[in-house]
Amino acid sequence: MPSSTSRLSLYTAAFWTFAGCGAATAVGNLLKIAHPQGWIFPQVDNLAGLLATSTLLFALGSIPLLFAPPVDPRAEKKRKTAGSRLWGFLTSLRLTVFLLGASTLLILFGTLDQVHDGIYLTQQRYFEHVFAVWAYPAQWLASAQLGWIRLPIPAGYFIGPLLLLNLFCAHFRYYRHGWRKIGIALIHGGLVVLLIGQFVAQIAQEDNFLWLSEGESSNYLESFHVDELVVIDKSDPEFDQVVSWPVSLFQRRQTTLRHPSLPFTIDVVGFLPNAVIMPKAQAPENAVDPGITQGIGAERQFVLMRAPLTFADGERNRTTAIVDVNVENGSLGRWLVSNIFRQKAPMSIFSPPQSFEYRGKTYEIALRFKRSYLPGTIKLLDFEHDRYPGTEIPFNFSSQVEITDQKSGAKRSTLIYMNHPLRYADYTFYQASFGNNDTSSMFQVVKNPGRWLPYVACAVMTLGLILQFGVGLFRFADRRRAARPQTETTEASAT
Amino acid sequence: MMFRMSPWILATACLGGSLVLSGCGDSKEPVVYRIPKENPTPPPSPAVNAPFLNGQMSGSGGMANQALPSNSVNRPSNLPSWRVPDSWTAQPGSSVRLASFAVAGESGSLDIAVTSFPGDVGGFLANVNRWRGQLGLPPASEAEARDSAEIVETSSGPATLVTLRNETSETLAAILMHDGASWFFKMTGPSALVQKEAQGFRQFVTSVDFSGSGGE
Chain A
1 MPSSTSRLSL YTAAFWTFAG CGAATAVGNL LKIAHPQGWI FPQVDNLAGL
51 LATSTLLFAL GSIPLLFAPP VDPRAEKKRK TAGSRLWGFL TSLRLTVFLL
101 GASTLLILFG TLDQVHDGIY LTQQRYFEHV FAVWAYPAQW LASAQLGWIR
151 LPIPAGYFIG PLLLLNLFCA HFRYYRHGWR KIGIALIHGG LVVLLIGQFV
201 AQIAQEDNFL WLSEGESSNY LESFHVDELV VIDKSDPEFD QVVSWPVSLF
251 QRRQTTLRHP SLPFTIDVVG FLPNAVIMPK AQAPENAVDP GITQGIGAER
301 QFVLMRAPLT FADGERNRTT AIVDVNVENG SLGRWLVSNI FRQKAPMSIF
351 SPPQSFEYRG KTYEIALRFK RSYLPGTIKL LDFEHDRYPG TEIPFNFSSQ
401 VEITDQKSGA KRSTLIYMNH PLRYADYTFY QASFGNNDTS SMFQVVKNPG
451 RWLPYVACAV MTLGLILQFG VGLFRFADRR RAARPQTETT EASAT
Chain E
496 MMFRMSPWIL ATACLGGSLV LSGCGDSKEP VVYRIPKENP TPPPSPAVNA
546 PFLNGQMSGS GGMANQALPS NSVNRPSNLP SWRVPDSWTA QPGSSVRLAS
596 FAVAGESGSL DIAVTSFPGD VGGFLANVNR WRGQLGLPPA SEAEARDSAE
646 IVETSSGPAT LVTLRNETSE TLAAILMHDG ASWFFKMTGP SALVQKEAQG
696 FRQFVTSVDF SGSGGE
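Going line by line, the protein sequences match chains A and E. Quick note: the first sequence uses this note's numbering, first residue 1, plus one each step. Quick note: the second sequence uses this note's numbering, first residue 496, plus one each step.
Please note: incorrect hints may appear among the correct ones.
In silico DSSO-like links for lysine-lysine, alpha-carbon gap of 27 Å or less [claimed, not checked]:
{"id": "1", "chain 1": "E", "residue 1": "K532", "chain 2": "A", "residue 2": "K280"}
{"id": "2", "chain 1": "A", "residue 1": "K234", "chain 2": "E", "residue 2": "K681"}
{"id": "3", "chain 1": "A", "residue 1": "K280", "chain 2": "A", "residue 2": "K379"}
{"id": "4", "chain 1": "A", "residue 1": "K411", "chain 2": "E", "residue 2": "K532"}
{"id": "5", "chain 1": "E", "residue 1": "K532", "chain 2": "A", "residue 2": "K379"}
{"id": "6", "chain 1": "E", "residue 1": "K532", "chain 2": "A", "residue 2": "K361"}
{"id": "7", "chain 1": "A", "residue 1": "K280", "chain 2": "A", "residue 2": "K234"}
{"id": "8", "chain 1": "E", "residue 1": "K532", "chain 2": "A", "residue 2": "K407"}
{"id": "9", "chain 1": "A", "residue 1": "K234", "chain 2": "A", "residue 2": "K32"}
{"id": "10", "chain 1": "A", "residue 1": "K447", "chain 2": "E", "residue 2": "K681"}
Cβ-Cβ distance ranges computed for the label pairs, FRET-style [what the hints assert, rightly or not]:
{"id": "11", "chain 1": "A", "residue 1": "E364", "chain 2": "E", "residue 2": "S650", "range": "39 to 47 Å"}
{"id": "12", "chain 1": "A", "residue 1": "S62", "chain 2": "E", "residue 2": "E639", "range": "58 to 66 Å"}
{"id": "13", "chain 1": "A", "residue 1": "S143", "chain 2": "E", "residue 2": "G652", "range": "44 to 52 Å"}
{"id": "14", "chain 1": "A", "residue 1": "V327", "chain 2": "E", "residue 2": "D642", "range": "53 to 61 Å"}
{"id": "15", "chain 1": "E", "residue 1": "V526", "chain 2": "A", "residue 2": "P237", "range": "19 to 27 Å"}
{"id": "16", "chain 1": "E", "residue 1": "A585", "chain 2": "A", "residue 2": "T265", "range": "27 to 35 Å"}
{"id": "17", "chain 1": "A", "residue 1": "E357", "chain 2": "E", "residue 2": "G618", "range": "50 to 58 Å"}
{"id": "18", "chain 1": "E", "residue 1": "E645", "chain 2": "A", "residue 2": "L100", "range": "57 to 65 Å"}
Computed footprint of chain A on chain E, listed as stretches where at least three residues anywhere in the stretch have a Cβ under 8 Å from a Cβ of chain A [said to hold, decoys possible]:
{"id": "19", "segment": "578–586"}
{"id": "20", "segment": "621–628"}
If you are wondering where the hints come from, they were derived from the structure by calculation, not from laboratory data. All residues carry an ideal CB built from backbone N, CA and C; glycine is no exception.
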């Protein structure tokens, strides 16, 4: 039996770390604190497979210990405190190597999964979690025998902060003052800025889209992934007042939504992250009738079926909710709201707004893609889809747009095309798609407050590399120059 | 510059800070704002203010499905093209129909409808039994349903064609899966008229093509 003070190899530590990630994930699932929107524990469909894989990893990592010679603690010259051991760990080059290796594995499994699950789900699963679990794909060889494998992996929120910490600590431990080391400091600093930039993008970036047909204008963007429930007070002749709740508030449990400006409450009694909505007469028997009494759902006698969530590129979940609008002494009915009721693409669907009157005011209720309003209006003047002459191969997509500022009324025209986005009001508009026989254009619109950080990081790292290699080059040249007279003297005396 | 710092403080600060940052996300409180009056108008399409799921593409439809530069993505049209027999008359869209046609005959008239729903809408057997129910027929088993079905090749892949009849009426229906949605093509009416138009219906279904421009 190996001694408890045996030194662990990197190999053992790596396997035990992965096994530990698996054990932690299993505990999170058993305690039911893992859920799809969480960022620590992923939900695992095969806990037994996860525990079996984790046990296998632990066993594999323990193999070297069977052969490692025990270390005599009396031979240690210096007694280490817990703090100094932690410091040694955080500043260790082995930790850096392990984290970089784990990053490579993360990227490998993320790339494999992205083929089937799309970029968005893969990014969430592998890069926006502390732990991730890779499942042996059903499409692979011997999946009937190996389909139980659930490989635990430290994910982005595990590797990133530790790498940052390791870099910081190692820098403060090993850095020696002097102009010759400025290059190293700059390279490390640039890397830190790059990692921080990635964290900022992950937590603060907004991804929106904007579909416009030629001649059409819009003053808002719609989110790719986020939905909102809105109640709009339409009573003012010039303005609409919007109260918006994020879907995340009520997607996991029945919730009552209220706001001081509204004389009623919204009870969300049902929620489907992806639904099939159809008239009762056309629906199969297992469709659910939610008892809608008002609006489109009542008019067309809609019933619902739950559909599996999709994260494939180009697909959108039909987020649907069943809400009761309640007032002090009664109810204003049960409504069906869904983001499918109005959309421009891939199919143009336009349903009339669902509205009601209470105490002399008109209110509209809807569940829709989350909107971000711009300080102006964007109008698509012309979309061009250029092809190589005599072929159908495209070489250019471009959109001529006109921006009108809301306050001043000033207009300006600009061209958005591949690799030439428009930057307006902290948003960047990229040419992303088109349709309707080249008469409609879709822009992917991104807001990232940290978008300039990667540029700064690259500039700082480049400067650091130039300085570091430049200093090294000059020192080498100096040493050669210093050595040459000695060599010449020796040769002269020999002859 | 070199300074000493307690590793515990450093570790706690960095790890805690990064975890706090990682936990930040959308605010869970409602947001209230005012916007200029909005009166959304229907898109400029043939079916103005179209009822739900009677989606009509503005203009003549489809997007090209071509090899594209890496930063552009093509989104496929949901409205296919097809060849409508001369004897069919186009009808106005109704509650959920993407297209509707009629054929008038001595013994009555035929109703031809094109609908589409996401997913498999319960599957082959559920839909066949729904149509059987509309003809007053009892539900069938999977084997019985498959006996009345045949596979036909359309321009966009195989479709399942089903023939159902009672004493007086007959239904010819085809199910085509495309892009995660079920497309239903159904012709119902007096048996004699359905059998007369059966060939035209088959040609209509086999001509369905998602890669071209929009339907007529």
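Each hint, compared with the structure:
Restraint check for K532 (chain E) and K280 (chain A): the C-alpha separation of about 35 Å exceeds 27 Å, so the hint is violated. A threshold of 27 Å between alpha carbons decides the hint, and for K234 (chain A) with K681 (chain E) the separation of about 42 Å lies outside it, so the pair is violated. Between K280 (chain A) and K379 (chain A), the direct Cα distance comes to roughly 40 Å. Violation of the 27 Å bound is thereby established for this hinted pair. Taken as a hint, the K411 (chain A) and K532 (chain E) pair is honoured in the structure, with Cα atoms around 21 Å apart against an allowance of 27 Å.
Of the supplied pair hints, the one linking K532 (chain E) and K379 (chain A) holds, its CA atoms being roughly 18 Å apart against a limit of 27 Å. Taking the CA atoms of K532 (chain E) and K361 (chain A), the gap is about 15 Å. The hint holds against a cut of 27 Å. For the proposed pair K280 (chain A) and K234 (chain A), the alpha carbon gap of about 32 Å is over 27 Å, so the pair is violated. Proximity of K532 (chain E) to K407 (chain A) is assessed by CA-CA distance (about 15 Å); at most 27 Å being required, the pair is judged to hold.
Restraint check: the Cα-Cα separation between K234 (chain A) and K32 (chain A) comes to about 43 Å, which exceeds 27 Å; the hinted pair is violated. Between K447 (chain A) and K681 (chain E) the CA atoms are separated by roughly 47 Å; this puts the pair beyond 27 Å, and the hint is violated. A hinted range of 39 to 47 Å holds for the C-beta pair E364 (chain A) and S650 (chain E), which are about 42 Å apart. One distance hint, 58 to 66 Å for the beta-carbon pair S62 (chain A) and E639 (chain E), holds here, with the actual separation near 59 Å.
Between S143 (chain A) and G652 (chain E) the beta carbon distance is about 26 Å. The supplied range of 44 to 52 Å is therefore violated. The hinted window of 53 to 61 Å between V327 (chain A) and D642 (chain E) holds, with their beta carbons roughly 56 Å apart. Separated by about 23 Å at the C-beta atoms, V526 (chain E) and P237 (chain A) satisfy the suggested range of 19 to 27 Å. The hinted window of 27 to 35 Å between A585 (chain E) and T265 (chain A) is violated, with their beta carbons roughly 47 Å apart.
The supplied range of 50 to 58 Å is broken by E357 (chain A) and G618 (chain E), whose beta-carbon atoms lie about 43 Å from each other. The given range of 57 to 65 Å is respected by E645 (chain E) and L100 (chain A), whose C-beta atoms sit roughly 58 Å from each other. Only residues whose beta carbon comes within less than 8 Å of a beta carbon in chain A count, and the segment 578–586 of chain E has 0; fewer than three means the coverage is violated. Taking a C-beta to C-beta cut-off of 8 Å, the segment 621–628 of chain E contributes 3 residues in contact with chain A, enough for the three needed, and the coverage statement holds.
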